Amino acid sequence: MPFFAFKSITLRLRIAFLIVAATTLFAGLAAIWAFRSVNQTYSNISNESYPATRAIANLETNSLELALSLQHLSAATDNQTRQKAFEQLQQLLQDGPEYISALKNLQNTRSNELTDQFLILSKQVVETNRIVEDLIEIDAEHKIQLREVDQKRQSFEALINPLLDKAQEDLLLATGKTSSMAGQEWSALNEREKINRDGLSLIRADVFRLQTLISAEGEDGYKKKSPEILARLEKNLQQMDPDIRSEGQKMLQILRAPMGQIGREASAAMLIFYRSLSKITQRQNDEVSHSGDVIAQNTTSAVVALVNTQVQTLTAIEQIKSDYFQLGGDLRQMASAENMAQLDANEKAFERTFLHAMQMSHHISSTRMKSSMQGCLALFADYKKLKQEIHQSSARRINFSILLDKIVNDNRRVTNALLSTTKNLAHDVSGNLNGKVSMLDTDLKQSTRLLFASTILGMLVALVVGWIYVSRNISRRLERLAGSMRLLSQGQLGDEIDARGNDEISDIEHGVAQFRTVLQQQQAQTEALRQARDDAHAAVQIKSEFLANMSHEIRTPLTAILGYTNLLAENGLNSQQQQYIARAQNSAQMLLGVVNDVLDFSRIEANKLEIEQQPFNLMQLFSQLAGTVAIQAQEKGLFLRFEIAPDVPTMIEGDALRLGQVLLNLLNNAVKFTEQGDVCLSVFCIEHSNTEVRLHFAVQDSGIGISPEAQERLFKLFSQADSSTTRRFGGSGLGLAISQQLIHLMGGHIQVQSHEGLGAQFSFELDLNKAGADQFSPMQYAPRRALIAERNPEIARHLALHLQAMGFEATLLNNQAQLLAYFAAGHVTDLLILEVNLCGAQQHPLCDVLQSLHQAGLPIILLCYDRDDIAATQESQLRHCQLLIKPLIPSQIRSAVAQSLADDAAELHGQLLDKASQFPLQGLRVLLVDDTDILLDLGATILGNMGAQVSAVSSGNAAIAALMSQEIDVVLMDVQMPGMDGRDTTRAIRALPGFADLPIIALTAHAMEGERELCLQAGMNEHLSKPIDAAKLQNCLRVYLPATQPVSVTSLPTVEASTLVTGVDFLAAIQRMGSLRMLKKMLPRFVERFANAPTVLRELIADGQLAEAERLAHTLKGVAGQVEANEVAATAADLEQCLHQGQVDVTAQIGKLELLLGEACSLIERWLAAHEQEQEDKSLA
1 MPFFAFKSIT
11 LRLRIAFLIV
21 AATTLFAGLA
31 AIWAFRSVNQ
41 TYSNISNESY
51 PATRAIANLE
61 TNSLELALSL
71 QHLSAATDNQ
81 TRQKAFEQLQ
91 QLLQDGPEYI
101 SALKNLQNTR
111 SNELTDQFLI
121 LSKQVVETNR
131 IVEDLIEIDA
141 EHKIQLREVD
151 QKRQSFEALI
161 NPLLDKAQED
171 LLLATGKTSS
181 MAGQEWSALN
191 EREKINRDGL
201 SLIRADVFRL
211 QTLISAEGED
221 GYKKKSPEIL
231 ARLEKNLQQM
241 DPDIRSEGQK
251 MLQILRAPMG
261 QIGREASAAM
271 LIFYRSLSKI
281 TQRQNDEVSH
291 SGDVIAQNTT
301 SAVVALVNTQ
311 VQTLTAIEQI
321 KSDYFQLGGD
331 LRQMASAENM
341 AQLDANEKAF
351 ERTFLHAMQM
361 SHHISSTRMK
371 SSMQGCLALF
381 ADYKKLKQEI
391 HQSSARRINF
401 SILLDKIVND
411 NRRVTNALLS
421 TTKNLAHDVS
431 GNLNGKVSML
441 DTDLKQSTRL
451 LFASTILGML
461 VALVVGWIYV
471 SRNISRRLER
481 LAGSMRLLSQ
491 GQLGDEIDAR
501 GNDEISDIEH
511 GVAQFRTVLQ
521 QQQAQTEALR
531 QARDDAHAAV
541 QIKSEFLANM
551 SHEIRTPLTA
561 ILGYTNLLAE
571 NGLNSQQQQY
581 IARAQNSAQM
591 LLGVVNDVLD
601 FSRIEANKLE
611 IEQQPFNLMQ
621 LFSQLAGTVA
631 IQAQEKGLFL
641 RFEIAPDVPT
651 MIEGDALRLG
661 QVLLNLLNNA
671 VKFTEQGDVC
681 LSVFCIEHSN
691 TEVRLHFAVQ
701 DSGIGISPEA
711 QERLFKLFSQ
721 ADSSTTRRFG
731 GSGLGLAISQ
741 QLIHLMGGHI
751 QVQSHEGLGA
761 QFSFELDLNK
771 AGADQFSPMQ
781 YAPRRALIAE
791 RNPEIARHLA
801 LHLQAMGFEA
811 TLLNNQAQLL
821 AYFAAGHVTD
831 LLILEVNLCG
841 AQQHPLCDVL
851 QSLHQAGLPI
861 ILLCYDRDDI
871 AATQESQLRH
881 CQLLIKPLIP
891 SQIRSAVAQS
901 LADDAAELHG
911 QLLDKASQFP
921 LQGLRVLLVD
931 DTDILLDLGA
941 TILGNMGAQV
951 SAVSSGNAAI
961 AALMSQEIDV
971 VLMDVQMPGM
981 DGRDTTRAIR
991 ALPGFADLPI
1001 IALTAHAMEG
1011 ERELCLQAGM
1021 NEHLSKPIDA
1031 AKLQNCLRVY
1041 LPATQPVSVT
1051 SLPTVEASTL
1061 VTGVDFLAAI
1071 QRMGSLRMLK
1081 KMLPRFVERF
1091 ANAPTVLREL
1101 IADGQLAEAE
1111 RLAHTLKGVA
1121 GQVEANEVAA
1131 TAADLEQCLH
1141 QGQVDVTAQI
1151 GKLELLLGEA
1161 CSLIERWLAA
1171 HEQEQEDKSL
1181 A
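Quick note, the sequence shown lines up with residues 1 to 1181 if you use my numbering.
These aren't lab readings, by the way, just hints derived from the structure by calculation. Predicted model, so just to flag it, every value in this text is computed and none were measured. Mixed in with the good hints, there may be bad ones.
As the list claims (entries may be wrong) - Just the calculated beta-carbon pair ranges, DEER-fashion:
no.: 1; residue 1: Q922; residue 2: L745; range: 27 to 35 Å
no.: 2; residue 1: E65; residue 2: K123; range: 13 to 21 Å
no.: 3; residue 1: Q922; residue 2: R784; range: 20 to 28 Å
no.: 4; residue 1: Q392; residue 2: D78; range: 41 to 49 Å
no.: 5; residue 1: L992; residue 2: K1032; range: 41 to 49 Å
Stated by the list, open to error - Okay, derived cross-link-like pairs now, PhoX-like style, lysine-lysine, Cα gap no bigger than 25 Å in a straight line:
no.: 6; residue 1: K235; residue 2: K250
no.: 7; residue 1: K123; residue 2: K84
no.: 8; residue 1: K384; residue 2: K370
no.: 9; residue 1: K143; residue 2: K250
no.: 10; residue 1: K235; residue 2: K225
no.: 11; residue 1: K224; residue 2: K235
no.: 12; residue 1: K194; residue 2: K224
no.: 13; residue 1: K370; residue 2: K279
no.: 14; residue 1: K166; residue 2: K152
no.: 15; residue 1: K225; residue 2: K152
no.: 16; residue 1: K348; residue 2: K384
no.: 17; residue 1: K143; residue 2: K384
Each residue gets a CB set at the ideal place from its N, CA and C atoms; glycine is no exception.
With these hints in hand, go ahead and build the complete structure from the sequences.
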C-alpha cells in the first residue's frame, strides 16, 4: 500500500518517526564509541597527572614555608617566638612526606631524593632549635650579670664619693693653717676646684647613664632616651674649663652622629673621654698643686708637705673611681663581644685597668684613708669575679653563634636542593601531562568529525520525512485551524470553517465549527447582560450619592435638636422634665450614631472617603478617648485601663480622626457588651526605625463573648452577632464593618479572638511614619526610688514600666498593711504614687504617716479613677498632692512626675516674671527696625509689655520714613539687613537735619570681633547683642525715658536653667522674653520658619548664593539665641563665620545644624504639647 494511502495520521507519523529514530540511533552509537575513547584518555589524566600536579604545587609551597620558618627560628630572640617557629616547622615536616607519597608511582627516583632531604631537615631543625634555646638562655644570664654590674657601680659610687669629699676637706684644713692671705687664696682656689669637681661628677654620672642605657635597653632605648641626657650633658660641659669642654664636645659629636653599632662606637667614645678627663683632671690637680706651692712659699715646710700628701691622695682616689667606671664599661663590652678576639681584647683591657687601680691604691699615703678605701677595693674584687662569669658565658655564646651559622648555611643548602628537586619533578610531570592532553585533543577531533557526519545524516533524513509529509500534509491544515481558533479565543468569529476529509484534523475542524456557533450565541447573551449590569451600577451610584447627601441633611437638624435640648436641660427643669430631656438626648445621640454610620458607609461605597496623612499627637488622641469612654464605663461600674508602652512615639503621621473613630467604636462596643469586669486598650511597638513604626492596637473586654458562627458575619454590613443583640443593646450593625474598611484603607486588618462567655479582643496593626526625626523619649532623672501603691497589679506593673524608662527603681505594694510595714521598716523613697482608696480614713494610722512624709518633702501622686475618688482627695490631708487620673496616659504620667519633682518650676517662674513686668518703659516711643518678622513681633511684644509705644518697620528706608513722619525717642536698629543695612541706615539718619543726637541702639547677632566698634563708628550710641534679653533691654532703654516719666528700677527675676531637658533652656527663655505667654507665641513661629533651614542653606550654597545663605544663618543664630536654643545658635554662628570667609565646603556644619535643629524643634513641639495637655488636664480637673 503506498505511503499516501494511509487514512490515519497517527500511523503515518509513527512510520516517519521510526525512520528518524533509526537514523538517530545510528548516530548515537557512533558518538558513544567515539566518546568512550576520549573518556579513557581523560580518566588517565584525572587519576594520575592532576593529583601529581597538585602534590608538586603543595611541595613547592611547603619548601618555601620551610625556608621562611627556618629563618624565623634562627632569628628568634625569645622562647615564645622560638617555640612558635619550631612547632610550625614540625607541622611542615609532617606534611611533606604526605605530598611525596602521591608521587611514588609517577617519579620514584625523585621522590626518594625528596624523602632524604626531608629527613636531613628534620634532624637539623631539632639541632637549630636546641642552639637557639641555649643562646636565649645565655642572653638572659648576661642581662642578670649586667644588672649586677650596675648595682656594684652604685654601691661603689656611694662609698667613694664621701671619701673624695673627705679628702678635699682635709686639703682645705691643711691650707687653712697658713697665713690669712694664703687662706683666702686657697679658699678661692678650692671653690673653683669644687665647682669643676661637681661638674665633673655630674658629667661622669650622665656618661655612666648613657652606658647603662645602651647595655640595658639597646639601640631602641638609646635612640628614645639619649637626647635628654645629651642635652643635660652639653649644658654641664658649658660650665667647665675649655679643655674639658673641648673633649666633651668631641664625645657629643660622635654620640649624636649616626652609628652603625651604637654599643661599640658609643662606648669607645666615652672611654676616650674618660681617659682625656683623667689627664685633664691630673693636669688641673697639678695646677692646683703648683698654685699651692706658690702660696706655700711663705708658709712652713710642714704645711707644704701635708698639702702635697693630700693632693696625691685625692688624685689617687679620683683615678680609682675613674678606673672602676672603666671596668664596668669593659664588662659590658665583653658581654656584647662578637668573636673571641674581641672578647680577649676586652679582657686584657679589663686586666690593665684593674692593675692600674690597684697601683693607684698604693699612692694613698693617709693610713685613715687607706682603711676607709678597703670597702671600695673589695668591690674591685667583685668585678673581678663577674669578669670571669661574663667571659665564660660570652665564650659559650660566641661558640654557639658559630655553630648556628654553620647549621643555618646547611639548612639553606638543603632547602635550595629541595626546591630544585621539586622544580625538576614539576617539569617532568608537566611534560607527561602535555603528552596525554595532546592525545586527548586528537581523540576529541576524531570524535567530533564522526559525530558531525552522523548528525548531518540524521538531519537530512528527518528533513526529507518532515518536508514530504508533515509540512505538506499536516502543518498547513493545522495553521489554518490555529488561526481560526486564535480569532475565536479573542472573541472574533472570523470566516466559516471548511471541514474536509475523514482524519483526526478534520474531526477537530468539525468541533471548532460547532464551538464557533456556540460562541456566536454567547456573545449575543453577554451583550444583553452587560447592558443590564451598567443599568444596575448606575442605580447603585445614584443611591450612594443620595444616601451621602441625605445623611448630611439629616445631621443638620439633629445637631440643632441636641444643642437645644442641652440648653433646655440647664434651665432648672424639674425631675420629670429632666428625665424626658435625658431620654430625648439619648434617642438623638443614638439616631446621630446611626446617621454617622450611614454617612461613612455611603462615603466608602461611593469611593469618596480618603485617609489623610497629617502629623498628630497620639497621646492627645488617647486622652480624648479616655475622657469619652471613661464616663460610660464608670456609669456601668466597669474599670477602664490603658496600657500604652513607653516606646510608643508621641507624634506620628496619619488620619487622627479615623483612627480615633475606630478605637472609639471598639471601646464603646467593649463597654456596651460588658456587664462587669474591665475594658483594656493596649498599644505597643512591634518594630520601629528612625522614620517608621509598626504599632499594635488591641481592645480587650470581659463581656459576653462571640461565638465562632457569629464571628464569621461580624464585619458584614447591617449585621450583629445575633438578632437579639440589636434588640438588647441597639445599634445599626455598621460600626465594625465601617471600622474594618477604615483600617483596610490605612493598610491594616482587624482581627477578633473570642470565646462565648469569656470576653473578646479586637486587634490590628498599622505601619505609620514618625512625625519628625527625633521622637519624644521620657526625660531621664538621676537614679531614684519610687514606691507604687496600687491594688490593681496590671496598672501597677504598667506604671512601673514607665517609671523605669525615666530612670526610677520601682517597688510595688498593694494594701495599707504593706505600706505601714514599708515605712515602719525605715525604707526611704524619692516618690510615692498612691491609689486614693489606700490613703486610709482620717483616723487611720497610715493617713498620719503619709501626711508627715508629705510635710517632710516626699512628693506624692494620687491615683484617681472617677469623680468620687477626686472628691475624696479634696477631703483628705493630701489634697495638695498631684493627681493622676486613670486610665493612664504616658504624657500625663510624665507631666505628673515632673511637676511633683520640680514643684511646677516653670509655672512659678512664669508667674514671677509676669508679676515683675510692671510697665517700666511707660511713655517711651521706640522705633524697632528688624528684617526678621519673628524677631520684629517678639521685640514689639516685649516692649509693649513694658509699656513702650512701639513702631515696627522691617527695612532701613522704612525706618527713615517713620522718623520723618512721627516723634521717636529712641531707635532699636538691626545691623544685618538686606539692601540698606543698619550701619548705612544710621549714617543716613545722622545726615538728616535734627537727628544728630537721636539715640540709636544697635541690635546684632554677630559674634565677630570689632562689631561693636563698627557700630559706634557708624554713629550708633549703644550696642545690644542678640538674642534680646528683656532685662538688659529694659536697663538700656530706661535712661532714654522722657524727663516727666519716673524711672522704674524693677528688674526681672533671675531664673535658673531647667535641669529636666537639654537643647532648649525654656526657663531662661521665659526670663529673656518676659512672660510665658510670649514664649508660647514665639516657639511655634520659630519651628515653622526654620525647621527646613538646613535644606534651604544647601540649595542657596549649591546655587552660589553665599550672601543669602550667610544672611539666613545670621537670622537663625539670632532667633535661636532668643529662644535659648544655644547649641543651634552656636552652630549657626560657626556656619555664618565660614560663609563670611567664602568657604563653600560646609557640609559638616550644615549636617550638625540639621541634627541640632531637628532635636530643638522636636523638643519645642513636645514642650508645647505638654503645656497644652497640662492646661487641658487642669481644666478637666
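Checklist entry - Taking each numbered hint in turn, which are not upheld by the structure, reported in ascending numerical order? => result Of the numbered hints, 1, 3, 4, 5, 9 and 12 do not hold.
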